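Novice: Sequence:
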Amino acid sequence: MPRIKGLRWFVIALIGCVTVINYIDRNALAVMWPAVSKEIGADKADYALLVTVFMIAYAVGQSLFGKLLDRIGTRMGFTLAIAIWSVSIGLHALVRSLGALLFFRATLGVSEAGNWPGAVKANALWFPPQERAFAQGIFNAGAAIGAIIAAPAVAGLYAAFGWRMTFLLVGMLGLLWLVPWLFLYRGDPDRHPWLSPEERAHIAHRPAADSPDAAAPAPGMLALLRYRQSWAILLARFFLDPVWWLFVSWLPIYLADTFHFNVAQIGLFGWVPFVGAMLGSLGGGWFSGLLIARGWTALAARKLAIAIGCVIMMPALLLTAQAATPLIAVLLIAVILFGFQVAINNIQTMPGDYFAGGAVGSLAGISGTAAVAGTLITTWLVPVMTRQSYAPIFALAAAIVPLSLLAILLLGRGMPRAGGIPSTEQQRNPA
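Using the working numbering, you'd call the opening residue of the sequence shown number 102 and step up by one each time.
These are computed hints drawn from the structure, not numbers from a lab.
From a predicted model like this one, the values you see are computed outputs, not experimental measurements.
Fair warning: there could be bad hints in the mix.
Said to hold, decoys possible - Have a look at the derived ranges for each label pair, beta carbon to beta carbon: (1) R395 / I429: 31 to 41 Å; (2) M266 / D291: 50 to 60 Å; (3) H361 / V161: 17 to 27 Å; (4) R395 / P298: 25 to 35 Å; (5) L391 / D291: 20 to 30 Å.
Yeah, the Cβ is synthetic: ideal placement off N, Cα and C, and Gly gets one too.
The whole structure should be built from the sequences, with the hints applied where relevant.
Specialist: Here is the structure:
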């Protein structure tokens with residue numbers, strides 16, 4: 102029977118690749134919005150409605166796929182999500198009205214949401230705590246790379262083929278990805294036929310004082326809400342994720358409104374901030390992993406990284422409100438997204454730190470739903486708060502960042518145990 106050395110890194114690399122595709126698909130509409138909106142007769146308020154519908158569907162999809170992944174497994178959960186979202190983005194090519202576009206954005210949102218609890222669950226299954234945040238960083242870097250690629254690639258395809266053919270072409274990417282995924286991912290680590298005994302033992306290693314009780318039954322989705330550690334993650338994402346989505350959903354529109362950019366100019370500038378996001382994804386995971394290797398508990402390492410990320414974000418958000426040129430604006434946004442990814446990379450890793458594998462997908466899913474709930478509020482506020490400039494919405498973003506950090510520091514102490522009671526060791530050292 103063949104063995105593949107370092108199989109876990111091939112798995113996370115594949116997940117990183119599909120996350121690139123995920124972000125190309127979702128960002129394609131924003132990049133081509135000046136052309137699409139003109140043809141179907143839509144405006145900025147309609148775009149806000151499209152973002153809202155996508156995010157509501159995304160919220161439903163996070164919890165739906167989180168639970169589904171815990172039931173049907175990582176292999177088939179990913180396959181189902183990616184097949185549906187690839188068809189959905191391809192069908193954008195057929196729209197001739199706002200109503201049709203709303204429908205396809207909804208199906209895209211539900212299915213694209215499955216990528217995130219799936220990645221968090223796979224990470225918890227395939228990596229020990231000291232490697233988990235860096236592996237999460239590889240996956241999150243895929244989101245940044247997708248956003249980097251999306252603006253120039255979509256703009257180039259649009260220039261060559263028009264917006265309808267561009268949607269068809271990007272829809273094919275996910276379907277092609279399913280071929281190596283189904284070939285490589287034969288099962289989870291406990292039963293994958295190509296995993297060596299040495300790597301299986303490495304994956305299974307957990308420091309006894311800093312890991313979930315694998316023997317304990319995994320709490321259900323509702324039972325998870327009895328734990329304050331779950332609420333730490335839910336509230337942290339509720340307050341922090343809107344910052345990411347503010348730029349993912351509105352950056353092309355911000356550049357068009359503030360600096361009068363067309364599609365080609367958006368393609369030229371729109372990728373720059375996501376270089377910062379990519380570096381933050383990898384750097385945040387590397388940093389907490391380094392601390393764990395030097396003897397820090399996983400929770401203490403995650404919290405320090407989260408704090409550093411939040412401290413980076415706040416002044417950069419306030420400075421962006423006063424940016425006078427597009428170059429200064431995109432460079433400051435790159436700093437913001439660097440700090441965001443340092444923080445969120447470690448927050449997203451925490452479900453696997455707190456709970457055994459059977460609950461990780463569920464907690465990742467409901468925390469994703471909480472993130473969308475916070476994002477929806479921001480989405481509704483953007484058209485109202487940006488009538489004169491984008492400065493008010495950037496100031497609001499700076500104000501909610503510390504609330505995310507407080508949620509982690511105040512509610513995230515200790516390890517969950519039956520009834521939500523931390524272990525004796527964690528009560529003595531509640532990092």
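Novice: Against each hint, give a clear statement of whether it holds in the structure.
Specialist: Verification of the supplied hints:
The hinted window of 31 to 41 Å between R395 and I429 holds, with their beta carbons roughly 37 Å apart. Judged by the Cβ atoms, the range 50 to 60 Å given for M266 and D291 is violated: they are separated by roughly 44 Å. Between H361 and V161 the beta carbons are some 37 Å apart, a value that contradicts the proposed interval 17 to 27 Å. About 28 Å separates the C-beta atoms of R395 and P298, a value consistent with the hinted range of 25 to 35 Å.
Separated by about 28 Å at the C-beta atoms, L391 and D291 satisfy the suggested range of 20 to 30 Å.
The structure shown violates the earlier hints numbered 2 and 3.
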